[in-house]
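Listed in order, the protein sequences are those of chains C and Z.
The opening residue of the first sequence carries number 1 in the working numbering; numbering runs sequentially from there.
The opening residue of the second sequence carries number 1001 in the working numbering; numbering runs sequentially from there.
A couple of the hints might just be wrong.
Some, not all, of what chain Z presents toward chain C, calculated at C-beta under 10 angstroms [what the hints assert, rightly or not]:
#1 GLU1055
#2 HIS1086
#3 LYS1199
Within a straight-line C-alpha distance of at most 27 angstroms, the following computed BS3-like cross-link-like pairs (lysine-lysine) qualify [claimed, not checked]:
#4 LYS163/C with LYS246/C
#5 LYS303/C with LYS1074/Z
#6 LYS303/C with LYS1090/Z
#7 LYS223/C with LYS1116/Z
#8 LYS1099/Z with LYS385/C
#9 LYS303/C with LYS67/C
#10 LYS67/C with LYS1067/Z
#11 LYS115/C with LYS359/C
#12 LYS67/C with LYS1074/Z
#13 LYS202/C with LYS1099/Z
#14 LYS359/C with LYS1053/Z
#15 LYS67/C with LYS1064/Z
#16 LYS115/C with LYS1053/Z
#17 LYS303/C with LYS108/C
#18 LYS385/C with LYS1116/Z
#19 LYS1067/Z with LYS303/C
#20 LYS223/C with LYS164/C
#21 LYS108/C with LYS223/C
#22 LYS67/C with LYS1072/Z
#23 LYS385/C with LYS359/C
#24 LYS359/C with LYS223/C
#25 LYS202/C with LYS359/C
#26 LYS145/C with LYS67/C
Which chain C residues stay away from chain Z? Per the calculated CB distances, all over 12 angstroms, these [said to hold, decoys possible]:
#27 ALA45
#28 VAL55
#29 GLN66
#30 GLY75
#31 ASP217
#32 GLU267
#33 ALA271
#34 ASN327
#35 ALA348
#36 GLY357
Everything labelled a hint here was simulated from the structure, so no lab data went into it.
For clarity, every value in this text was computed on a predicted model and none was experimentally measured.
The beta-carbon is built from N, C-alpha and C at its ideal position, and this holds for glycine as well.
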Amino acid sequence: MFLRKIATVVALTTLASSAWAGCGISEGRVSIVGNEFPAIQTIGAGAMECAGDGVTVETNLTADHQKINLPGMTGNPAEFTSAIVANSSIVALMNNDVIRPLNDLVEKHGQGLQKSQLVTIDGNIMGIAFMANAQHLTYRSDVLKDLGIAVPSTYEEMLAAAKKIANYNLMQYPLGGAYAAGWNLAEEFVNMYIGHGGEFFKPGTAEIAVNNQHGIDALNMMKALSEYMNPDFLTHDSNATSAEWKAGNVALMNMWGSRIGALRGDEVDAAVVAATATAGPMTVGGGTTAASTLWWDGFTIAKNISDADAEATFIALMHAIRPEMLNETTSPQAVWLIDGYVPTPAAAGVFAAAAMGTKPYPMLPYAGLMHSAAGVEIVDFMQGKETAEQALAGLEAAYTTAATEKGYL
Amino acid sequence: MKHKTFFWFFLPTALAMFLFIALPLTSIVSQSLHTPHDQVLVVVESCDPFGCKSETTIDHEASKQIKEEEPKGKWVGFQIYTDRNHLAFKEVGELWENKTNFFDFVSSLNNLPFYKAMGFTLTYVIVVTPLVILFGLIIALAVNSLHRHLKGLMVFFSLLPMIVTPLVGSLILFWMIDSRGIIGSGLQELFADPNLSLKASTGLTWITLIVYGVWHSAPFAFIVFYAGLQTVPQETIEAAMIDGATRFQQTIHVIVPHLSPLVAFVALIQLMDNFRVFEPIVGFSASAHATSLSWIIWNDIGQEIRLMSSAATTSVLTIIGVIILLMPVLIRTWREFNPEK
């Protein structure tokens, strides 16, 4: 009985795949590298449907994608024919000139695309965006209601709410945050600095300029928030912060839109799931700019591959993001930029972020160097070992050294 | 052995050493003396789902010619070695000029990544190496005195910490010592301090990493010493017993001297391994409190920023560090094999 079931499933899958085989592709090699979360998994599975006679489709979806995509696209021919990237990680691929302009492919096969999906640099289409993401407020509606706290719209209100929750001994550490030393902590600094109205670089140059009042205010706010977080906050990335939320230990946090769906998972206590609510990103320090950044995820095509493979890859990925792929399972996974997408409740925070005019993460060739230096240099400040000025001076010095080495200064 | 025979015996090893050690080393040294060329930047119109704006990007056409002329990059000599993210000569000089006292100077070095990493690395090496040797010896003596039926089982269990991959081992412990994990909450009970967290303070993180290092490496020392114990001459032990030596005196005066070449061997390997401490820092997410040279290399090339020259420089500095650290042991070994004529 069981065996027969398996046989049926296998037969159906084969039928399905042979039915799709082609997707209009007759031959070619498709090899996709990308991050690993539900929405990207869906895209990978969609492209896999195009495998068939003469067409091989492979996907390598891993959280370590940024470590392997550039080496895997540098060779000639490149191992990966496509990398799924975000607005920060496309920069590394463009800096090293390993992805190709897609203008001709878009003209030939991109009829279903909306203009806003095209990531264009100097007239060259370098990537096709398919989803948007942002960090925004996530809160426990039951806790806020019990204490009569309004949903915070600023970080100052978030602090006051945290103080009240802690005073009532409802939770020991009411705030959550992905403050793990390294990329996560630096991302929170980027959010907070933008929220204070800061500019990272002197206009038109790669010279860093964060050692100012905006930087000091941003760091002090992060420190103040961390007083209400689990003392291990410097080891908590988005996964660990989500786990704290699921365990019901946290009432307020700034979290990625793409992770909200998972907070309502089956393993989570029903009371926590019912009370998990989202709102737009918060502002800070009396500013009007949201202390958050907008992100897109999209695909790129390698430069060092044959035109036939590039075309096959493009068609397979276009198949993966066709409007018909949207259904009950896939729609809540992300804020899709695909035509015909109807927002689900999980998307509310990201839409609010876009409506507030949240700034996109800077796509500068040297932004990654600043981000990386921040992840190392502001750690001592967060532990109270140095002042905000010292931390920012350290960040500027570390960045300047790295940018000089890379030839930006 | 005749020189000719020796040559043919040694040739495959020499060839492998040349291919897999000397050549990569040359490449690393060369990389550390070059940096990428100055980038030609242009401001262009860039559009994405969130709108259009002017954005700076790299002009690949303009950069191409410079790259083709000098594919290795720009020669910078020792600039990377002395810059702020490595030996930081200028910054260290300034700190020395402005110091109020010596301790103040040493603690201010902590702001420079290289010296911060060295601070933890050297503490780790100095504490872990002797403890590994001590615990290895104690475990070896204990297992060796067991009944022969139990020995095999105990050898297996004693080796387990070493068999577990360092990254996996440290990740398992990372969750156990979490303030909500079994060891973490146990410690909170034990010390009656509900806010105790091993991950939140630098001192406790260092202790955690050191305890982990000893736990992971002691089995290596144990198995080497255990093998050595099988070769202790029974006559000497019996002679010592007749002289009225206690168990402790036998250990100190007969067994330990017999094992001393092995102690030198374990010390050599452990100094080298501990200087390159890396996995536990990643596994315990401890980079906020403790970094090492290996961690700096990983941080430089593990992300999208790819600071190759910086990573190469830190690699060369690591090799120099290992050589300095091993010098006493190497000199001793050389003297033993080349007695004064």
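Checked hints:
| no. | hint | verdict |
| --- | --- | --- |
| 1 | GLU1055 | 6 angstroms, holds |
| 2 | HIS1086 | 9 angstroms, holds |
| 3 | LYS1199 | 4 angstroms, holds |
| 4 | LYS163/C with LYS246/C | 21 angstroms, holds |
| 5 | LYS303/C with LYS1074/Z | 25 angstroms, holds |
| 6 | LYS303/C with LYS1090/Z | 42 angstroms, violated |
| 7 | LYS223/C with LYS1116/Z | 22 angstroms, holds |
| 8 | LYS1099/Z with LYS385/C | 18 angstroms, holds |
| 9 | LYS303/C with LYS67/C | 18 angstroms, holds |
| 10 | LYS67/C with LYS1067/Z | 24 angstroms, holds |
| 11 | LYS115/C with LYS359/C | 19 angstroms, holds |
| 12 | LYS67/C with LYS1074/Z | 25 angstroms, holds |
| 13 | LYS202/C with LYS1099/Z | 32 angstroms, violated |
| 14 | LYS359/C with LYS1053/Z | 12 angstroms, holds |
| 15 | LYS67/C with LYS1064/Z | 24 angstroms, holds |
| 16 | LYS115/C with LYS1053/Z | 15 angstroms, holds |
| 17 | LYS303/C with LYS108/C | 18 angstroms, holds |
| 18 | LYS385/C with LYS1116/Z | 13 angstroms, holds |
| 19 | LYS1067/Z with LYS303/C | 18 angstroms, holds |
| 20 | LYS223/C with LYS164/C | 18 angstroms, holds |
| 21 | LYS108/C with LYS223/C | 52 angstroms, violated |
| 22 | LYS67/C with LYS1072/Z | 22 angstroms, holds |
| 23 | LYS385/C with LYS359/C | 32 angstroms, violated |
| 24 | LYS359/C with LYS223/C | 23 angstroms, holds |
| 25 | LYS202/C with LYS359/C | 18 angstroms, holds |
| 26 | LYS145/C with LYS67/C | 44 angstroms, violated |
| 27 | ALA45 | 23 angstroms, holds |
| 28 | VAL55 | 29 angstroms, holds |
| 29 | GLN66 | 5 angstroms, violated |
| 30 | GLY75 | 15 angstroms, holds |
| 31 | ASP217 | 22 angstroms, holds |
| 32 | GLU267 | 16 angstroms, holds |
| 33 | ALA271 | 19 angstroms, holds |
| 34 | ASN327 | 22 angstroms, holds |
| 35 | ALA348 | 18 angstroms, holds |
| 36 | GLY357 | 9 angstroms, violated |
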